[in-house]
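Each residue of the sequence shown is one higher than the last, beginning at 1 in my numbering.
It is possible that part of the hints are untrue.
[To be verified] Straight line, CA to CA, 25 Å or less: simulated SDA-like cross-link-like pairs of lysine to any residue:
id, residue 1, residue 2
1, LYS40, VAL14
2, LYS53, THR71
3, LYS53, ARG73
4, LYS40, ASN10
5, LYS66, ARG52
6, LYS42, ALA67
These are computed hints drawn from the structure, not numbers from a lab.
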Amino acid sequence: MSISTEAVSNALAVHRAARRPPARIDGQSRHKPTVPFVAKYKTIAAEVLRRRKAGEVFEQIARAIKASIHTIRAAHAFAMQTQADQPKPRQR
């Protein structure tokens with residue numbers, strides 16, 4: 001396998017310049033999100049737990065919230081884990 005001297009010299013020039021060529025042809029940068037992404041199951045976890053404790057089944061909750069069964073189950077698991085992680089108050 002051989003590499004042309006032109007390719008090597010171009011790579012060295014880029015390395016010496018410490019600047020990478022633009023990733024996009026037009027030179028424009030990507031738009032980065034201004035707010036961090038939060039998964040849907042995390043945002044609806046408290047509501048799912050409340051409805052589940054009220055006796056609703058996952059299918060009813062999914063229809064009411066307009067989310068998939070998978071998302072509802074993930075939200076329930078997340079809420080239960082979050083609840084388990086919180087310290088319980090001591091009983092005297």
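For each hint, the structure was consulted:
1. LYS40 / VAL14: With Cα atoms ~42 Å apart, LYS40 and VAL14 exceed 25 Å; violated.
2. LYS53 / THR71: holds (17 Å)
3. LYS53 / ARG73: holds (14 Å)
4. LYS40 / ASN10: violated (46 Å)
5. LYS66 / ARG52: Distance ~15 Å between LYS66 and ARG52 Cα, so the pair holds.
6. LYS42 / ALA67: holds (13 Å)
The earlier numbered hints that this structure contradicts are 1 and 4.
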